[in-house]
Every structure is written in C-alpha cells, then in structure tokens.
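Protein sequence lines, in the order shown, are assigned to chains A and S.
Just so you know, the first sequence maps onto residues 1 to 380 in the working numbering.
Just so you know, the second sequence maps onto residues 381 to 807 in the working numbering.
These are computed hints drawn from the structure, not numbers from a lab.
Just so it is clear, the structure is predicted and the values come from calculations on it, not from any experiment.
Check before you lean on any hint, since a few could be wrong.
[To be verified] In the DSSO-like style, the derived pairs of lysine-lysine whose C-alpha atoms are separated by at most 27 Å in a straight line are:
hint	chain 1	residue 1	chain 2	residue 2
1	A	Lys296	A	Lys259
2	S	Lys503	S	Lys803
3	A	Lys259	S	Lys501
4	S	Lys803	A	Lys259
5	S	Lys503	A	Lys259
6	S	Lys803	S	Lys501
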Amino acid sequence: MPTNSALADLRVVELSRSAAGAFAGRLCVDAGAEVVLVEAVEGHPLRHEGPFRGEPRDIETSTPHLHVNAGKRSVTLEVATQAAVLAQLLSGADIFITDLAAHVLDPLGLSWPALHERDPALVMTRVTPFGDTGPYRRYAATNLVSLALGGQLKITGDPGRPPLSNFGAQAEYQAGLSAFAGTVANVLLRDATGVGDYLDLSTQDVVATNLEHRSPALNLGLVANRVGLNVSATYGVYACADGWVYITAFAPALWERLKALTQLPELNEERFSSQATRLDNNDELQAIIAAWVITKASDELRSLARQGHPLTVAESPDRLIASEQWRGRQFVRAVEHPVAGEVSVLGPPWFEEQPSATRPAPLLGEANDELLGALQQVAR
Amino acid sequence: MDWRTGRLPLAGLRVIDWSVYWAGPYLGMMLHDLGAEVIKIESPSNFDPMRTVIDVNRYAGDGARPMTPQERASTNQHFNEWNRGKLSLGLELASPQGRELLLQLAARSQIFIENHRPSAKEKLGIAYEELAAVNLGLIYASISGFGQTPPERGAMALGAPVELASGLFSCNGYLDDPTPAKTGFSYGDPVGALAAVSALLLAVREQRRTGAGQYIDVSMRDALSFGIGAAFADWSMNHVESPHAGNRHPVFVPQGVYRAHGGDEWVAISVRDGRDWRALGVAMGGPDWHADPELASVGARRRRHDELDAKIEAWTSQRSAREAETVLQGAGVPAGAVLDFHQLWHDAQLNGRGAFQEVAHPSFGIEVRATSQWGRGHLPQPIGMPAPSFGQHNHQVLSEVLGLDGGAISRLESDGVISDEIKVQGD
Numbered sequence: 001m002p003t004n005s006a007l008a009d010l011r012v013v014e015l016s017r018s019a020a021g022a023f024a025g026r027l028c029v030d031a032g033a034e035v036v037l038v039e040a041v042e043g044h045p046l047r048h049e050g051p052f053r054g055e056p057r058d059i060e061t062s063t064p065h066l067h068v069n070a071g072k073r074s075v076t077l078e079v080a081t082q083a084a085v086l087a088q089l090l091s092g093a094d095i096f097i098t099d100l101a102a103h104v105l106d107p108l109g110l111s112w113p114a115l116h117e118r119d120p121a122l123v124m125t126r127v128t129p130f131g132d133t134g135p136y137r138r139y140a141a142t143n144l145v146s147l148a149l150g151g152q153l154k155i156t157g158d159p160g161r162p163p164l165s166n167f168g169a170q171a172e173y174q175a176g177l178s179a180f181a182g183t184v185a186n187v188l189l190r191d192a193t194g195v196g197d198y199l200d201l202s203t204q205d206v207v208a209t210n211l212e213h214r215s216p217a218l219n220l221g222l223v224a225n226r227v228g229l230n231v232s233a234t235y236g237v238y239a240c241a242d243g244w245v246y247i248t249a250f251a252p253a254l255w256e257r258l259k260a261l262t263q264l265p266e267l268n269e270e271r272f273s274s275q276a277t278r279l280d281n282n283d284e285l286q287a288i289i290a291a292w293v294i295t296k297a298s299d300e301l302r303s304l305a306r307q308g309h310p311l312t313v314a315e316s317p318d319r320l321i322a323s324e325q326w327r328g329r330q331f332v333r334a335v336e337h338p339v340a341g342e343v344s345v346l347g348p349p350w351f352e353e354q355p356s357a358t359r360p361a362p363l364l365g366e367a368n369d370e371l372l373g374a375l376q377q378v379a380r
Numbered sequence: 381m382d383w384r385t386g387r388l389p390l391a392g393l394r395v396i397d398w399s400v401y402w403a404g405p406y407l408g409m410m411l412h413d414l415g416a417e418v419i420k421i422e423s424p425s426n427f428d429p430m431r432t433v434i435d436v437n438r439y440a441g442d443g444a445r446p447m448t449p450q451e452r453a454s455t456n457q458h459f460n461e462w463n464r465g466k467l468s469l470g471l472e473l474a475s476p477q478g479r480e481l482l483l484q485l486a487a488r489s490q491i492f493i494e495n496h497r498p499s500a501k502e503k504l505g506i507a508y509e510e511l512a513a514v515n516l517g518l519i520y521a522s523i524s525g526f527g528q529t530p531p532e533r534g535a536m537a538l539g540a541p542v543e544l545a546s547g548l549f550s551c552n553g554y555l556d557d558p559t560p561a562k563t564g565f566s567y568g569d570p571v572g573a574l575a576a577v578s579a580l581l582l583a584v585r586e587q588r589r590t591g592a593g594q595y596i597d598v599s600m601r602d603a604l605s606f607g608i609g610a611a612f613a614d615w616s617m618n619h620v621e622s623p624h625a626g627n628r629h630p631v632f633v634p635q636g637v638y639r640a641h642g643g644d645e646w647v648a649i650s651v652r653d654g655r656d657w658r659a660l661g662v663a664m665g666g667p668d669w670h671a672d673p674e675l676a677s678v679g680a681r682r683r684r685h686d687e688l689d690a691k692i693e694a695w696t697s698q699r700s701a702r703e704a705e706t707v708l709q710g711a712g713v714p715a716g717a718v719l720d721f722h723q724l725w726h727d728a729q730l731n732g733r734g735a736f737q738e739v740a741h742p743s744f745g746i747e748v749r750a751t752s753q754w755g756r757g758h759l760p761q762p763i764g765m766p767a768p769s770f771g772q773h774n775h776q777v778l779s780e781v782l783g784l785d786g787g788a789i790s791r792l793e794s795d796g797v798i799s800d801e802i803k804v805q806g807d
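With the sequences and hints as input, model every part of the structure.
Structural data, given as structure tokens:
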C-alpha cells in the first residue's frame with residue numbers, strides 16, 4: 001500500500017501563519033488526507049513573499065505558497081472574532097495543526113483541554129518557535145531568529161564574515177517535518193485507543209537537536225565555528241572549471257578511492273599517509289587537490305560521480321528539473337494553476353512509485369461557500 | 381505520547397538498524413524515541429565508520445596520546461549521540477551463517493533500516509526482496525544520496541555534499557555575492573532522516589491495517605530540494621534564478637544579523653510589519669533616524685536597507701547579544717542572540733524544556749545528550765541507555781530474539797560469525 005493513501009481517511013484543519021505549520025499540512029496532503037487551510041482574509045503570509053509570476057504581483061502566484069500549500073482547500077476567517085466557526089470546522093476534523101501560540105488560541109476557547117473535551121479523538125499538533133513551556137514561550141520569532149537561537153546560524157557562512165542564513169525557511173521546514181512525523185505518531189496511538197494526543201513542538205528544539213557538532217562541542221569542549229566551504233582538504237567544496245564540486249575523502253577507504261581517481265603522485269607522500277597527518281598538512285593537501293579539480297569540467301565530474309567516485313557536483317534548480325534522475329522518480333509534477341498557469345511542484349520527500357495527481361494550491365477562500373456557508377449560519 | 385505510561389506509538393516493534401554515519405543511525409534513534417526496540421547491526425570488518433573516524437583525544441589538549449581504533453570505537457561523540465538507546469549486534473554479514481542469522485532476525489522484526497549503497501546490500505544478499513521473502517510484513521527503509529532508481533543510484537553522497545546536488549547550495553549566499561554557500565554542517569542527514577521517519581510511520585499505519593510491509597526509498601537530495609520547492613516553482617514560471625539574499629527577507633524589512641558587543645557576537649533581528657517597526661524605535665530609545673516619517677513605509681525601508689542596517693548595528697554593537705535580544709523581545713520585536721553550542725547548552729529555554737540530559741557512558745564518562753524532540757515540555761522523556769559498544773548485546777539479542785542457547789552462541793563466536801571486537805584495516 002502506498003504512502004500516498006496512508007491518511008486518506010483523515011481530515012486535517014491547518015491554522016498556520018508560517019512555513020512550519022504549512023509544511024506539516026503539505027505532508028498531510030501527500031499522505032492522502034484532506035487538508036483545509038484556514039487563512040486570514042488577507043491570505044497566508046507565504047502568499048505575500050514571492051517571487052511571483054512576473055508583474056504585477058498577484059498573491060495567488062507567490063512561489064512558496066504554490067509549493068507548500070499545493071493540494072489544500074482554503075477558507076478565510078478571522079480567528080479572533082470567528083473562533084466559534086473555527087471550532088465548528090474542527091468538530092468535523094481528525095487532526096488540528098497550528099503554529100499559533102497557546103496564549104493566542106487559549107482565550108478563544110481553542111485550548112487543547114477544551115478541544116480534547118469536546119472531541120476526545122482529535123489529534124492536535126502545535127508547532128511554535130519556542131513551544132508552550134519555558135521562559136521564552138511568549139517571545140516572537142521568525143525563521144532567522146529560530147536559526148539564531150537554535151544554534152545553526154553561528155556555524156553557517158564564511159570565517160570573518162557575519163553568520164549567514166541558508167536559503168528558504170529552513171528552521172521552519174525542519175520543524176514542519178518533525179511536526180508531521182509527530183502527528184502521524186499520534187495518529188498511530190489514536191488508531192489503537194480511539195483517543196487523540198497533543199504535541200507541543202518547538203522550532204528551537206528541533207533546530208538545536210538536528211545540529212551535527214553539538215555533541216562533540218558539549219562533551220569535548222570543542223568550539224565549532226564558521227568554516228565556509230571547506231571543513232578540511234578531504235571534506236569540502238572545490239571550484240571546478242565551470243562550477244563547484246564536493247570532495248568526500250576523509251575516511252581511509254574514501255581516501256584510497258580519491259588517490260586512485262586522481263592518480264596524483266603527491267598524494268602518496270608520507271605527510272599524507274594517515275588521517276592525522278592529512279589534517280596536520282591540510283593546507284598543502286588542499287592546494288594539490290584544488291589544482292586537480294580546477295582542470296575538470298562539471299560534466300566529466302558528474303559521470304565520475306555516477307560511477308561511484310567520491311565527488312558530488314553542484315546543481316542549479318533548472319538542471320535538476322530537467323534531470324533524468326528526477327524524471328525517472330516523477331519528483332517534479334507539472335500542475336495547472338488557474339492564475340499562475342503551469343507550475344512545477346515537487347512531490348513528497350520520499351519516492352512514490354505511483355504518484356497520485358498533485359493538485360494546485362487553492363485560490364484564497366475558494367472553499368468558503370462549501371465549507372463555511374452552513375457553519376456561519378449555525379454560528380449566527 | 382506519554383513515556384510514563386508507555387503510551388508510545390512504536391512500543392512493541394523491533395527495528396533492525398543496519399546503517400552508518402548520521403542519517404540512518406539518527407533515524408534509528410528517532411524510532412527508539414518513539415518506543416521501538418532498535419538492534420544496530422554491524423560487521424566486525426565493516427562497522428559503522430563513525431565509531432573510529434574521529435580520535436577524541438586529538439581535542440583533549442596537550443599530552444593526550446592518540447587513541448587506538450578499539451578505544452575510539454566506544455568514545456566517538458557523534459556515534460554516541462546518534463546510537464543511544466540501541467542494542468548492538470556484531471554480526472559478520474559476509475558469512476553465510478551471518479546472513480542466515482540476519483534473515484532470522486528480519487523474520488522477527490517489523491522494520492529494517494539502512495543507508496548503504498545499493499551495490500552493498502545486493503552483494504550481501506540482503507536487499508528488500510530477499511528480506512521480504514522471509515517477512516512479507518517487513519517495512520524496509522533505505523536512505524541514500526539520490527534514491528534507489530537509475531541513473532544516479534550508484535553515486536555516493538553523504539549529507540554534506542548532497543546539499544550541492546539539491547539546489548540549496550546554489551541558492552545560499554551572501555547579499556550581492558554570487559559565490560554559493562554551504563550550510564555549516566551535514567544538513568542532508570537530519571532532513572533525510574526526518575523525511576524517512578515520516579514515511580516509515582505512514583508505512584506502519586498501512587502495516588497495522590493490512591499486515592503488508594513495503595519498501596521506502598528516501599533520497600537526501602530530494603528531501604533538501606523539497607524544502608526549497610519555491611525555487612523550483614520560480615524557475616518553472618519565470619526562468620530566472622533569484623540573486624542571493626543573504627540574511628534579508630522579502631517581507632520583513634529590515635531583517636539582518638547585526639554585530640553585538642564582544643568578539644564573534646551577533647544578534648538576529650526581524651521587523652515583520654509597521655507595529656514591529658514602531659516598537660523597534662521605542663526599544664532603541666527613539667533615535668532621530670527612526671523618526672523619519674518616510675520609513676513608516678516598507679518600500680522606503682527596503683530601499684534604504686543598507687542605511688538602516690548601519691544604524692541598527694550602531695545600537696546593537698554597544699550591548700551584548702543577549703541584552704539586545706532581551707530589550708527587543710520586551711518590545712515584541714523578533715530578536716535572538718546567535719548562540720554557539722555552549723550557549724545552547726546553557727540556554728534557559730532549551731533547558732526549561734528538557735532538551736539535554738546527562739548519561740553515564742561506561743567508556744567515555746558523563747555525556748550530554750539531546751532528548752527526544754517529541755518528548756519535551758512539561759515532563760521531558762528520559763533518554764535511557766547510552767550508545768552500545770561494538771557487539772555489547774550479542775548474547776542478549778541472540779538468546780532473547782532468536783532463542784539460541786549458550787553453546788550455540790559460543791560456536792558462533794569461535795566461528796567468527798559474531799564478535800564484540802572491530803577489525804581495523806589501515807588507520
């Protein structure tokens with residue numbers, strides 16, 4: 001049974017204002033659930049970010065929205081004044097995902113205890129910058145601030161230059177993935193017991209947990225800092241004739257493969273004979289490898305990589321969209337959007353042998369009549 | 381989920397973890413956090429290279445002698461972070477008897493995870509089809525650089541290099557600098573592992589409904605590219621690549637990482653809207669430059685971003701990053717000190733939620749470990765056992781799971797099928 005029908009029996013209400021909740025909701029779509037995105041009347045913040053399809057800017061064509069909200073339904077309401085309508089919407093749902101803080105929703109009758117009492121089977125996931133507990137629980141954050149307080153920002157960028165955010169909303173993406181996994185975990189418990197659980201997830205927690213060098217730093221006293229493109233001569237980015245390539249040769253077997261590939265006599269010298277001496281003579285080694293790499297074109301390096309040599313060539317989005325690998329995996333889905341026209345939307349981050357049809361992101365409030373019409377009558 | 385009552389989603393499930401380095405072991409650790417029993421399988425001659433790849437004494441200061449590979453194998457602080465809570469079985473998979481034992485274990489497990497190259501599992505005869513033949517309900521998950529499909533299935537890529545292949549590297553960079561930039565760690569690993577745990581949990585739901593297992597194929601490259609899907613949508617519509625934005629944001633203006641007082645000290649600040657902009661001015665003591673009425677418009681702030689950065693940095697550079705954070709957060713403006721790992725460890729918020737716990741490791745001593753990311757808040761989930769030494773649980777696994785007696789286990793030891801010592805070639 002494919003992953004894309006695993007949640008086909010479930011209905012999700014997503015009340016999100018950032019990419020964290022929106023990514024979690026998008027993955028629910030990929031798992032086959034029906035996802036209703038609850039937006040403010042001015043639209044989800046990702047509708048306002050762009051890039052857009054040309055000029056003039058139309059919030060229906062904002063690319064982060066087209067990607068992360070693909071396949072959802074959209075309704076608009078003002079949570080502060082229409083909490084009763086939202087509560088009605090939730091009474092027909094199995095899962096509630098939100099990235100709004102407890103101190104915002106609790107006073108509106110949308111606290112976990114209140115929702116749990118009303119519908120004990122509801123699964124609720126809240127993913128916020130700092131979670132429900134702790135001294136910063138009312139602090140404000142954006143993706144950049146989450147990267148800073150999660151420890152990822154300090155180590156990204158060049159030595160001697162300011163810390164650098166990576167592209168996109170990576171703190172929120174990690175949190176969204178984690179929120180989705182935690183939600184499915186709670187669905188498994190609900191399947192077994194009929195009772196829903198609450199997940200209180202913090203983006204700062206997720207970012208800090210996902211760091212590679214935290215454990216050596218805390219347990220060995222190492223101070224990790226920005227290293228730019230190269231961790232070491234045998235683990236880092238080099239410029240090739242027409243692009244960039246990563247060399248991975250830090251472990252003994254990989255080093256032997258690099259020597260066999262390059263056939264450079266210098267690499268057999270005593271000073272490079274062990275991992276320790278390669279680190280001791282790092283700069284000389286780096287210069288030797290750099291002089292070899294710069295003579296190679298990326299196409300030649302790509303074909304060497306496919307044969308299993310320890311290199312990885314940098315790719316741009318346009319090359320990837322056209323790549324044989326992604327065509328074979330049906331990872332890029334051409335979707336026809338009523339305003340944006342044809343747009344490429346990437347499939348879920350796991351392979352689907354038989355993808356279900358990917359639907360476009362919804363127009364703002366497209367499901368208001370269908371999903372809210374009756375509810376608003378009741379709420380009045 | 382409630383660890384106190386054992387209400388964990390994977391309680392009662394057994395996982396065979398044949399994985400190396402970070403992504404696979406991290407996935408195994410997450411499955412342990414969700415309640416599964418995880419048995420890590422390594423061959424004596426082909427063990428998880430993360431065990432020995434770093435000599436911790438190299439960082440212990442002057443006078444520390446280099447460690448032997450055997451000593452390194454139980455002290456590596458990456459290995460011990462991502463393998464906590466697991467049982468270790470040292471099994472020679474290249475021997476027919478070793479493979480047979482693995483098949484028997486797979487028949488008594490629900491999940492198998494690995495992140496070797498396709499050729500490695502085919503050579504050993506433990507690809508999905510071979511394990512599914514003994515257990516149709518088995519979920520078999522593979523994490524790789526590019527996926528299990530041709531033409532790139534044979535290419536190797538760890539979690540750091542795979543960022544180049546994902547498009548993320550091309551999109552990263554300082555403002556007005558066309559040179560790409562790399563995330564400061566092996567970012568493909570945790571993202572790939574989170575994608576894999578997501579797909580696995582979906583497969584567990586199917587397994588419980590139908591009894592059928594399935595094969596899960598997660599590519600770290602695809603998982604990274606999915607996170608920047610907007611860049612691909614942009615290319616497909618506009619056929620241009622956006623220039624590097626550095627730390628700036630299209631809507632939050634100004635936004636940046638500003639120098640604070642001290643050495644390599646910084647504070648990240650985002651002004652999301654007009655309210656944040658006014659609050660920023662009040663928090664900074666109402667400076668003249670902020671009173672310029674033109675700056676109430678986001679368009680003007682964007683046009684004059686460089687000038688605003690200089691003014692803001694003149695303010696932040698007079699105070700510590702934490703002080704700037706506190707003052708700005710007091711006014712409701714998103715701001716955060718750029719924390720290093722030691723500051724993370726002592727951060728009141730992370731500690732208030734139980735992000736870290738200490739565990740006594742028999743070979744290393746007291747270690748600080750991160751707890752389950754899903755188990756924090758009011759009553760953080762304890763992390764349980766420290767990472768195992770190589771083959772530490774050979775007897776336990778073979779007797780409890782396969783029902784072998786002491787004599788049979790001793791014969792396997794003397795035949796070299798199981799071992800609690802790694803065999804090291806080279807350095």
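Q. Given the proposed pairing of Lys259 of chain A with Lys501 of chain S, does the C-alpha separation stay at or below 27 Å?
A. holds, 25 Å
**Q.** Pair hint outcome, Lys803 of chain S versus Lys501 of chain S [Cα-Cα no greater than 27 Å]
**A.** holds, 20 Å
Q. Does the structure keep Lys803 of chain S and Lys259 of chain A at a Cα separation of 27 Å or less?
A. It holds: about 23 Å lies between the C-alpha atoms, which stays within 27 Å.
Q.
Between the alpha carbons of Lys503 of chain S and Lys803 of chain S, is the straight-line distance 27 Å or under?
A. holds, 20 Å
**Q.** Hinted pair Lys296 of chain A and Lys259 of chain A, Cα distance within 27 Å
**A.** holds, 16 Å
(Q) So if I understand the rule, the pair passes when the alpha-carbon distance is 27 Å or less; does Lys503 of chain S with Lys259 of chain A pass? (A) holds, 24 Å
The structure agrees with every numbered hint stated previously.
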